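Student: One-letter residues, chain by chain:
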Amino acid sequence: MQPADPRLTMPDQAPFTEIELGGKLDALLNPVLSSRRTVAPLAHALAPLDRVLQEYALYWVEVIARTNYEMAYQFAAAAPDALRQLDASAAEAWIIQAMDRYDRDGLHHGSEVFKHHSDFVTRAGSEHAIGYEEAARVIEHFICGLSERRMKIDTAPVVWTDTNTLYLPPRIAVGTSRAQNFLLYKIIATLLWAQSRYGTFNADLEAAVQKHADPARALEWLNYLETVRLEARIARVLPGLARDMETWREPPRSGDLRGERLAMLHAPGASVHDSITLLDTLPLTESAPRRAWMGLLRPADAAVARAERLALEKSALQAALAALLNEQMQSTQTPPDGSQEGNTESTAGFEAKALTTPDGEAEVQLTLGGKPITAPDLVRNLLDSIVHDVGEIPADYLTPADATVTGQYDDAAETVAPEENLLYYDEWDHQRRHYRKQWCALRELDVPPGDNAFVEATLKKYAPQVTQLRRSFELLRGEDRLLKRVRHGDDIDLDAVIAAYADMRSGSEFTDRLFIKRHKAERNLAVMFMVDMSGSTKGWINEAEREALVLLSEALEILGDRYAIYGFSGMTRKRCEIFRVKRFDEPYASAVQQRIAGIAPQDYTRMGVAIRHLTALLEQVDARTKLLITLSDGKPDDYSDNYRGEYGIEDTRQALLEAHRAGIKPFCITIDREARDYLPHMYGAVNWTLVDDVARLPLKVADIYRRLTT
Amino acid sequence: MKKFIGAVSAAVLQPEARLIEREPYYEPIGDEIALFEAAYASQIPLLLKGPTGCGKTRFMEYIAWKLQRPLITVSCHDDLTASDLVGRYLITNNETVWIDGPLAHAVRIGGICYLDEIVEARKDTTVVIHPLADDRRVLPMEKHGELLRAPKEFVLAMSYNPGYQSVLKELKQSTRQRFIAIEFNYPSDALETRIVITESGLDLANTARLLKLAHMTRNLKGNGLDEGASTRLLVHAAKLMRRGIAPRAACRGAIAEALTDDAEMLRAIDELASSIF
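The listed protein sequences derive, respectively, from chains A and B. Okay, so the first sequence: first residue is 1 according to our numbering, each after it adds one. Okay, so the second sequence: first residue is 711 according to our numbering, each after it adds one.
Don't take every hint at face value.
In silico DSS-like pairs for lysine-lysine, Cα to Cα no more than 27 Å straight-line [stated by the list, open to error]:
| # | chain 1 | residue 1 | chain 2 | residue 2 |
| --- | --- | --- | --- | --- |
| 1 | B | K931 | B | K882 |
| 2 | A | K517 | B | K853 |
| 3 | B | K833 | B | K853 |
| 4 | B | K833 | A | K484 |
| 5 | B | K882 | A | K152 |
| 6 | A | K353 | B | K833 |
| 7 | B | K882 | A | K517 |
| 8 | B | K882 | B | K853 |
| 9 | B | K931 | A | K314 |
| 10 | A | K152 | A | K24 |
| 11 | B | K853 | A | K152 |
| 12 | A | K484 | B | K853 |
| 13 | A | K437 | B | K853 |
Don't read these hints as lab results, they were simulated from the structure. This one's a predicted model, so the numbers in the text were calculated from it and none came from an experiment.
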């Protein structure tokens, strides 16, 4: 179990004294203390607090110290002030945000969050506060629905967007009700989306504000003008949301611009250039008005993101157009010898006109040689995205790429280039009671083929048992069965008819059960075997595992169940590895057999990430029943970081719960005699079994599988 | 038995009477009518592809009306056996009597047999249509000892939704390569607007908003939704709104709840709808 949050318990005790606190902190923070840096000031600051708050601070110092001692020190330094000002949920949001930043960006950024706890201080009504986690999924779906272009969403202390990612506040508490706070999330997200969708960064904002005496203030005003322009745009596109925004609108202040000056921003076709023009006419003597949903503009960052995206989209579009041209030429049956020539000739053929519809939306019409053509979805999306960024389609974007580079287009279409196929998975930190985002980097590898003769040797070794095994699995196989004497069926049951006639003659009732029905008991089942390839399996455990897989595959081939086999291992969260032995769609042939033979002990057992990855694979399979069976020799464990013990067990348990939610039934076969102490907590009381004699593992596994699936 | 007030009885149609008398409302989205007419003249069967609710069944009704042939629709399911399509012996009055299945019946009367969602049928069942779907155009009825040759009026059509990502629900090549395929997709904005207005009578402004919502749900396809809102759902929502249901409630009932059960996705679609209306 997780340690109880001391803030929830109410010890009716006197506060710790400064000396007591000093002793506790000294023990917790020892590695980062020195003769110049002692716990005395920390203890002094914590001493006046209530016992509850002291316990809360000590609890988190302990939890954070397990991740990083310096972070724990920074927390202890900031805690006395922060805990006085923040309520329970705000304090938690503060700590989690800091730890997330630490996980992602390192010590410096993490401790920055600890120092700026005032960002989390909220005014009255904070009991209605909403943390981003609560709103996240709805907001993500919402933005995904709004935008044709995929946008990422993340939290940050400052609200802004680089046009690829929307950065939202980690917590909103200014509203007087939860509904209002949620609405504010929605409005902030929509406005950031609108900045990207309606081209706030389509002009050189940097240059525009540098012309002014005070560029910072000019940027502030530009931000305000853009907000006004986008609000008008939103009012046209999303009138319902605009109405909701009205409820937030504060009364106009003296600094606000008069309506007539802003009128040009309300026009349907208004663009960022209008905002800049207007900016040049303003005196900029006062600071710009603010709105509750206004973030910051960061033109430099946005320009970088935009340029990168445009470069990617340009090459993707050129490649897609080349493919399109090819297709068009084939369908019009250009003679093959003319294709070379035709290619260069028709490059001029693509033209794209950005038409503006009455409500200011842009629509792209693609023509080839003057004739309009229907573009495939991919091309259409690219054209739309480019028009949103540039306002038109520049001519050079429409030059189809050389046929030679067409092959690259698939990669280019992915906006994010994957780093050597690394997959990132969250991990559950039971002490923080939150996920560590994108914490584990996982790579899928093939098992190097092993000894060809291994499978043969195993089958020979277990020859008598294999025969028996086959027979028992054949019995299990869903054969076509004929159901006789049923009311509806494919054919007449002649025996039944004759009997019924006889019955009728003898005066009894004529039955209506006269048909035969062919009934196929289908085993609609997919099973994933997750094999422990940690270093501790070295020797006879590894051999037993491999033998078990051979016998199991024999049995499953008879049964016709779909199955896959993957091994897992790794060292630290940065190198988690999944080894393919057999994919679902792969036949059990010599390549698979060699890979089974090639399964060799590797490093450690970081189970959570492996379960998450295999769950994702299993989710792609269509089957009524999905099983995830783990062959394991012990507890989850990993090198150096604190995965061993409770953390690993809790993360594994969380990963299994996720699998369960995805409709997958996890089961564990273990040879660890101490399994009773932790496996029931992870897998549940009945979903595991212990094979205490390793020598019997090969035969037992098939047997257990049979029991499990009947 | 006392009849309750306003008792009604559903119309019972004999297959021969499954003629469509009034012209169904149909907006061509491409050259599908010309394509069909050419295929009909050449006696080639038809495969309609496309997501649900984009007009496949309406298209069949339209051509049935145009040709003035009875339309016999079979909704396929995974228990559909070959004899369900071809026919079987039944016992009545101490006799066994052969009863044609819908497919055999359609062949006999030269009607249009439309197999809806053919991938749902068992694989061995789909094979029954093979001799009927190539240039032989015959339906062997083994049990009955008959070989039915299809008259030139007979049309075989089936529909199929390629959007299913299921490995189990793929159409076999030997089946699909016997057909002329027509793809149906969401109509263009202008066309879809016209369809929704004609079907429901909703005003233009609200229809435009409904369409905007439809696009948003189509953006969500693959990101939590299996399918975006189809034209049919838009028509449903429009009809509710036409009857005075508030737009948000109409969108929730006709679109959001019809698309998903996921609470957060429902909420998100709700939020989108309330942003638009």
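Student: Now look at each hint and say whether the structure bears it out.
Tutor: Here's how the hints hold up against the structure:
1. Simply put, K931(B) and K882(B) have alpha-carbon atoms about 26 Å apart, close enough for the 27 Å limit, and the pair holds.
2. For a cut-off of 27 Å, the pair hint linking K517(A) to K853(B) stands: about 15 Å separates their Cα positions.
3. A distance of roughly 20 Å separates the Cα atoms of K833(B) and K853(B); the hinted pair therefore holds under the 27 Å criterion.
4. Among the hinted pairs, K833(B) with K484(A) is consistent with the structure: their alpha-carbon atoms are about 23 Å apart, no more than 27 Å.
5. Taken as a hint, the K882(B) and K152(A) pair is broken in the structure, with Cα atoms around 39 Å apart against an allowance of 27 Å.
6. Restraint check for K353(A) and K833(B): the C-alpha separation of about 48 Å exceeds 27 Å, so the hint is violated.
7. For the hint linking K882(B) to K517(A), the alpha-carbon distance of about 25 Å falls within 27 Å, and the restraint holds.
8. Pair hint K882(B) plus K853(B) holds up; C-alpha atoms about 26 Å apart against a cutoff of 27 Å.
9. For the given pair, K931(B) sits about 25 Å from K314(A) by alpha-carbon distance, which is consistent with the 27 Å threshold.
10. Proximity of K152(A) to K24(A) is assessed by CA-CA distance (about 42 Å); at most 27 Å being required, the pair is judged violated.
11. For a cut-off of 27 Å, the pair hint linking K853(B) to K152(A) is broken: about 62 Å separates their Cα positions.
12. Restraint check: the Cα-Cα separation between K484(A) and K853(B) comes to about 19 Å, which is no more than 27 Å; the hinted pair holds.
13. Distance restraint check for K437(A) and K853(B): the Cα-Cα separation of roughly 64 Å exceeds the 27 Å cut-off, and the hinted pair is therefore not satisfied.
Hints 5, 6, 10, 11, 13 from the list above are not met by this structure, while the remaining hints are.
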